[in-house]
Amino acid sequence: MTQPPGVEVRNPRQYSLVANGRLFPRAPFHFDGTFFKQSHFPNRLDHWTPGLFYQTIRIDNMLLGVKCRDTSQGREPSIELSVYYPSPIQDSVVSKTLDEIAFRYDLHADLAEFQALADRDTTFTDVFKRWKGMRASTQYSLYELLVVGLVLQNTQVRRSVQMLETLTQRFGTLVEFDGVELWSIWLPEDLSAVDEEELRALKIGYRARSLKRFSEQFSSGLIDEVELRRLDDDSLKRELLKIYGVGPETVRIIMSEAFHRPGVFAHIAPWQQKIYSRLFYNQEIVPTERIIDDINRQFGRYSALAVHYIWEDVFWRRRNEYIDWLEAEIRL
DNA sequence: CATCAGGGCCCTG
DNA sequence: CAGGGCCCTGAT
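Counting in the numbering used here, the first sequence tops out at residue 343, every number present.
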């Protein structure tokens, strides 16, 4: 494969094990559903096998490698977390890493109220049972998730994969630990000296403008992810929409996965509408307003989370069985 | 070869 | 608030 200009092959940074820790998610907990999202397009930023998940994470200006292993016993959820880095790290860094992982995967979430709503549902009984304890979650920081959201915009999966690959190879970092090679997304300030034309040369099209602009918003300190976590749903949405290149669909993804707001289900993209229509009504097409109303009526403060369960489930099913109507809508 | 739409968003009128 | 335009790419 020929690379666009500016992209070169790099050797991975070698990391070794420097710390271990343990996390105790609130029960019920579903490791695989929470750590690995089957609906996401394939990339090289993480590595999953059942009960095991690898990723990178930035803590205190360090780019760490992290391995999470499911060590749950019966009804007692637990995760063993291993941290990898080229040199020893302080205990404070380890505890920050544990806290950040716990937040990103919403490990302390109280799902009791959601579970009660799910138990009352008669259409997706098996789905809610299969994924009991799953969170709407993400491995990414807000900035990283925005980059992923950006390459998703107005294109097909194949090109999204291509754009993210090109960008990470040009600006990201490759690390190797525990026998796994992973790319990580750059920092917003890494693009400060890069102009829009240079980004366009990487074939990301008009997204170059958004990437440039929102990276500046981040590196200038205008957006503070930790601060945003404190806001109520409406304020958070308002702040997110101020980010250049963020509209209703990207907000939906971010609110659900990065900020764990299970009740925000107010937007359905056209391709999702077709899939929801099939899943919820077994019809070709149902008006989005009706879908939104119905879901909100049934699942209230957990409408987005409920849809997340059904959405992920259909993509997991797709791994094993061929669902023809779904294939037609997904398009690689 | 041309045209078009795709896992949105910005901007304009 | 509806609708045009936008980088690219593969499908038709």
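Just so you know, these hints were derived from the structure itself, not from any lab.
Treat the hints with caution; some may be incorrect.
To be verified - Under the rule of at most 25 Å between Cα atoms (straight-line distance), these lysine-lysine pairs were calculated in the DSS-like manner:
#: 1; residue 1: 248; residue 2: 223
#: 2; residue 1: 140; residue 2: 223
#: 3; residue 1: 78; residue 2: 107
#: 4; residue 1: 223; residue 2: 253
None of the values given here were measured: they were computed from a predicted structure.
### Message
residue 78 and residue 107 were given as a pair; does the straight-line alpha-carbon distance stay at or below 25 Å?
### Response
Holds. Residue 78 to residue 107 sits at ~15 Å (cutoff 25 Å).
### Message
Can you confirm whether the C-alpha distance between residue 248 and residue 223 stays at or below 25 Å?
### Response
With Cα atoms ~21 Å apart, residue 248 and residue 223 stay inside 25 Å; holds.
### Query
Does residue 223 lie within 25 Å of residue 140 when you go C-alpha to C-alpha?
Not satisfied, since the Cα-Cα distance of roughly 43 Å exceeds 25 Å.
### Query
Are the Cα positions of residue 223 and residue 253 separated by 25 Å at most?
Holds - the C-alpha atoms of residue 253 and residue 223 are around 15 Å apart, at most 25 Å.
In summary, the structure is inconsistent with hint 2 from the numbered list given earlier, while agreeing with all the others.
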